[in-house]
Amino acid sequence: DTAVSQTPKYLVTQMGNDKSIKCEQNLGHDTMYWYKQDSKKFLKIMFSYNNKELIINETVPNRFSPKSPDKAHLNLHINSLELGDSAVYFCASSQVGGIREQYFGPGTRLTVT
Amino acid sequence: AQSVTQPDIHITVSEGASLELRCNYSYGATPYLFWYVQSPGQGLQLLLKYFSGDTLVQGIKGFEAEFKRSQSSFNLRKPSVHWSDAAEYFCAANFGNEKLTFGTGTRLTIIP
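Protein sequences, first through last, are from chains D and G.
Mapping of the first sequence onto my numbering: position 33 corresponds to residue 20, and the numbering continues sequentially without gaps.
So the mapping is simple: my numbering equals the position in the second sequence, first residue as 1, plus 55.
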């Protein structure tokens, strides 16, 4: 069983469209995250949810809206896609307490044309 | 400011040779420290982690890392690399604010 899964793996769409990426974890973790990896492989936190509550929002344009229906799922909806949104988006999860290592999903490669 | 630095963008080593990837952090205390590996087209896999205790930590795939407080460093090592170790390696830190701050990564190339 995959611990952190994301769908879709690849997403190609045109500018101006709205798209969603889904993430699920079966590790029983309380906290989930979205990271963006740009073309230079730089990874940056976008959002973090703890038990369905938003705890980190790192100056991401409000076209990006995370939704957490339960603590095992964290989806990312993007409105009015722009060329600069092209990147790989990673979902991750961790347990509260302890060393809080994060476990990552396989990533979703978004290409905006 | 809290930051993680990986000074080497790209390292090439021969198969069977030893490896050391450098990582430094900037913080007033000891953060949680991690090394992740990303193979081409894949997600990030946790290699090892450190917060306290023994400063030499063992990880998966034969990797180890040594924490040196005096140098604010957490360097990754492997005694003998295999062709399958070719990947991008990321050092990361949690500075107590619930998120990971990543270094810029080091791309490892293995030559036969």
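It is worth saying that the hints were derived from the structure and are not from the lab.
Treat the hints with care, as some may be off.
[Unchecked claim] Distance condition first, Cα-Cα at most 30 Å in a straight line; then the derived DSSO-like pairs of lysine-lysine:
id	chain 1	residue 1	chain 2	residue 2
1	G	K104	D	K9
2	D	K58	D	K23
3	D	K28	G	K104
4	D	K28	D	K9
5	D	K58	D	K9
6	G	K123	D	K(-4)
7	G	K104	G	K123
8	G	K104	D	K58
9	D	K28	D	K(-4)
10	G	K116	D	K27
11	D	K39	G	K116
12	D	K6	D	K39
13	D	K54	D	K39
14	D	K54	D	K6
15	D	K9	D	K31
16	G	K116	D	K(-4)
17	G	K123	D	K27
18	G	K123	D	K54
19	D	K27	D	K(-4)
20	G	K116	D	K54
21	D	K58	G	K123
22	D	K6	D	K28
23	G	K104	D	K31
24	D	K31	D	K(-4)
25	D	K9	D	K27
26	D	K6	G	K123
27	D	K54	D	K(-4)
28	G	K116	G	K104
29	D	K31	D	K54
30	D	K27	G	K104
31	D	K(-4)	D	K23
32	D	K31	D	K6
33	D	K39	D	K23
34	D	K28	D	K58
35	G	K123	D	K31
36	D	K31	D	K58
37	G	K123	D	K9
38	D	K27	D	K6
39	D	K27	D	K54
These numbers come from a predicted model, not from an experiment.
Now for the hints, and whether the structure bears them out:
1. Annotation: proposed proximity of G:K104 to D:K9 holds, straight-line Cα distance about 28 Å (limit 30 Å).
2. Taking the CA atoms of D:K58 and D:K23, the gap is about 21 Å. The hint holds against a cut of 30 Å.
3. Between D:K28 and G:K104, the direct Cα distance comes to roughly 21 Å. Compliance with the 30 Å bound is thereby established for this hinted pair.
4. For the suggested pair D:K28 and D:K9, the alpha carbons sit about 21 Å apart, so the restraint of at most 30 Å is met.
5. At most 30 Å may separate the alpha-carbon atoms for a hinted pair to count; D:K58 and D:K9 meet this at roughly 13 Å.
6. The suggested pairing of G:K123 with D:K(-4) is violated, with an alpha-carbon distance near 39 Å, which exceeds 30 Å.
7. For the given pair, G:K104 sits about 14 Å from G:K123 by alpha-carbon distance, which is consistent with the 30 Å threshold.
8. About 24 Å separates the Cα atoms of G:K104 and D:K58, which keeps this hinted pair within 30 Å; it holds.
9. Between D:K28 and D:K(-4), the direct Cα distance comes to roughly 17 Å. Compliance with the 30 Å bound is thereby established for this hinted pair.
10. Proposed proximity of G:K116 and D:K27 is supported: the alpha carbons are some 26 Å apart, at most 30 Å.
11. Distance check on the hinted pair: D:K39 and G:K116 sit about 35 Å apart at the alpha-carbon level, beyond 30 Å; violated.
12. Our distance criterion of 30 Å between C-alpha atoms is met by D:K6 and D:K39, whose separation comes to about 21 Å.
13. With a CA separation close to 8 Å, the supplied pair D:K54 and D:K39 stays within the 30 Å bound.
14. Taking the CA atoms of D:K54 and D:K6, the gap is about 13 Å. The hint holds against a cut of 30 Å.
15. Restraint check: the Cα-Cα separation between D:K9 and D:K31 comes to about 18 Å, which is no more than 30 Å; the hinted pair holds.
16. For the hint linking G:K116 to D:K(-4), the alpha-carbon distance of about 26 Å falls within 30 Å, and the restraint holds.
17. Our distance criterion of 30 Å between C-alpha atoms is met by G:K123 and D:K27, whose separation comes to about 29 Å.
18. Of the supplied pair hints, the one linking G:K123 and D:K54 is violated, its CA atoms being roughly 40 Å apart against a limit of 30 Å.
19. Straight-line distance between C-alpha atoms of D:K27 and D:K(-4) comes to about 19 Å, which keeps the hinted pair within the 30 Å bound.
20. For a cut-off of 30 Å, the pair hint linking G:K116 to D:K54 is broken: about 36 Å separates their Cα positions.
21. For the given pair, D:K58 sits about 37 Å from G:K123 by alpha-carbon distance, which is inconsistent with the 30 Å threshold.
22. Straight-line distance between C-alpha atoms of D:K6 and D:K28 comes to about 22 Å, which keeps the hinted pair within the 30 Å bound.
23. Restraint check for G:K104 and D:K31: satisfied, since their Cα atoms lie roughly 19 Å apart, inside the 30 Å limit.
24. Pair hint D:K31 plus D:K(-4) holds up; C-alpha atoms about 19 Å apart against a cutoff of 30 Å.
25. A C-alpha spacing of about 24 Å is found between D:K9 and D:K27, which places the hinted pair at or below 30 Å, so the restraint holds.
26. A hinted pair counts as satisfied when its Cα atoms are at most 30 Å apart, and D:K6 with G:K123 does not qualify at roughly 45 Å.
27. The hinted pair formed by D:K54 and D:K(-4) meets the criterion: a straight-line CA distance of about 19 Å does not exceed 30 Å.
28. This hinted pair checks out: G:K116 and G:K104 have alpha carbons roughly 14 Å apart, not beyond 30 Å.
29. With a CA separation close to 19 Å, the supplied pair D:K31 and D:K54 stays within the 30 Å bound.
30. For the hint pairing D:K27 with G:K104, the CA-to-CA distance comes to about 24 Å; that is within 30 Å, so the pair holds.
31. About 14 Å separates the Cα atoms of D:K(-4) and D:K23, which keeps this hinted pair within 30 Å; it holds.
32. At most 30 Å may separate the alpha-carbon atoms for a hinted pair to count; D:K31 and D:K6 meet this at roughly 20 Å.
33. Restraint check for D:K39 and D:K23: the C-alpha separation of about 20 Å stays at or below 30 Å, so the hint holds.
34. Restraint check for D:K28 and D:K58: satisfied, since their Cα atoms lie roughly 28 Å apart, inside the 30 Å limit.
35. The hinted pair formed by G:K123 and D:K31 meets the criterion: a straight-line CA distance of about 25 Å does not exceed 30 Å.
36. Between the alpha carbons of D:K31 and D:K58 the distance comes to roughly 22 Å, so the proposed pair stays at or under 30 Å and holds.
37. Straight-line distance between C-alpha atoms of G:K123 and D:K9 comes to about 39 Å, which puts the hinted pair past the 30 Å bound.
38. A distance of roughly 23 Å separates the Cα atoms of D:K27 and D:K6; the hinted pair therefore holds under the 30 Å criterion.
39. Of the pairs offered as hints, the one joining D:K27 and D:K54 holds, with about 27 Å between alpha carbons and a cut-off of 30 Å not exceeded.
Against the hints set out earlier in the document, violations occur for numbers 6, 11, 18, 20, 21, 26, 37.
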